[in-house]
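**Q** With these hints in hand, go ahead and build the complete structure from the sequences.
The opening residue of the sequence shown carries number 180 in our numbering; numbering runs sequentially from there.
Worth double-checking, as some hints may not be accurate.
Stated by the list, open to error - Subject to a maximum C-alpha distance of 25 Å in a straight line, what follows is the list of computed SDA-like cross-link-like pairs (lysine to any residue):
| # | residue 1 | residue 2 |
| --- | --- | --- |
| 1 | Lys206 | Pro301 |
| 2 | Lys206 | Ser333 |
| 3 | Lys206 | Leu244 |
| 4 | Lys206 | Ala188 |
| 5 | Lys206 | Leu229 |
What the hints assert, rightly or not - Simulated restraints on C-beta separations:
| # | residue 1 | residue 2 | range |
| --- | --- | --- | --- |
| 6 | Ser319 | Ala276 | 35 to 43 Å |
| 7 | Phe252 | Gly212 | 18 to 26 Å |
| 8 | Gly236 | Gly285 | 28 to 36 Å |
FYI, nobody ran anything at the bench for these hints, they're computed from the structure. Even for Gly, the Cβ is constructed at its ideal location relative to N, Cα and C.
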Amino acid sequence: YTARSGSVANTVTTANPLMSLISPATKRGWVTGVRVEAGVTAAIAGQTLLFQLARPGNTATATGLATIAGHDFSAPNSLASQATTWSTAPTVGVILAEWTLPQTSGSMWEEFPPTGDEWGIPAIATGAANSGLHLFVTASVSTSTPVFVTMIFSE
Numbered sequence: 180y181t182a183r184s185g186s187v188a189n190t191v192t193t194a195n196p197l198m199s200l201i202s203p204a205t206k207r208g209w210v211t212g213v214r215v216e217a218g219v220t221a222a223i224a225g226q227t228l229l230f231q232l233a234r235p236g237n238t239a240t241a242t243g244l245a246t247i248a249g250h251d252f253s254a255p256n257s258l259a260s261q262a263t264t265w266s267t268a269p270t271v272g273v274i275l276a277e278w279t280l281p282q283t284s285g286s287m288w289e290e291f292p293p294t295g296d297e298w299g300i301p302a303i304a305t306g307a308a309n310s311g312l313h314l315f316v317t318a319s320v321s322t323s324t325p326v327f328v329t330m331i332f333s334e
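**A** Below, the structure written as structure tokens:
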């Protein structure tokens, strides 16, 4: 399955949640790849974007959970959901992976961990402690920068 954030305008220098993947209480998911990209920005050279894949540091509650369709049109939809909005946004907890990119237009990175090192999405529904796996961005300067995230996962 592939979950995409779409364009998220980042204008802050604190950890900003971009996207969450949340499994139901009955099924665990596995993130097998992450892609991050900076869109067109006026940030000057030397500035950075820190992307962090993390467990939550609080009890977050996602709103507007989206169902993720399978790649094969005959495959079932994913049991996991994605969120880009929250009534209680996640905060950074245990960091599983992080990447630093230049805060310049078109910077991108993708990471596919070695087999057996997938990042687990706990089988805990939204609104419960430790729910979900979340991707955050922290900019070194508050120049508006659109960012894009794609998480590839399996169940």
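**Q** None of the hints should be skipped; say for each whether it holds.
**A** Tested hints:
As the CA atoms of Lys206 and Pro301 are separated by approximately 8 Å, the hinted pair is consistent with the 25 Å bound. In summary, the hint linking Lys206 to Ser333 is supported, as the alpha carbons are separated by about 11 Å, within the 25 Å threshold. In summary, the hint linking Lys206 to Leu244 is supported, as the alpha carbons are separated by about 16 Å, within the 25 Å threshold. Proximity of Lys206 to Ala188 is assessed by CA-CA distance (about 32 Å); at most 25 Å being required, the pair is judged violated.
The suggested pairing of Lys206 with Leu229 is violated, with an alpha-carbon distance near 30 Å, which exceeds 25 Å. Between Ser319 and Ala276, the C-beta spacing of about 19 Å breaks the proposed range 35 to 43 Å. A hinted range of 18 to 26 Å for the beta carbons of Phe252 and Gly212 is consistent with their spacing of about 22 Å. Restraint check, Gly236 to Gly285: a C-beta distance of roughly 31 Å satisfies the suggested window 28 to 36 Å.
In the structure shown, a violation is registered for the earlier hints numbered 4, 5, 6, in ascending order.
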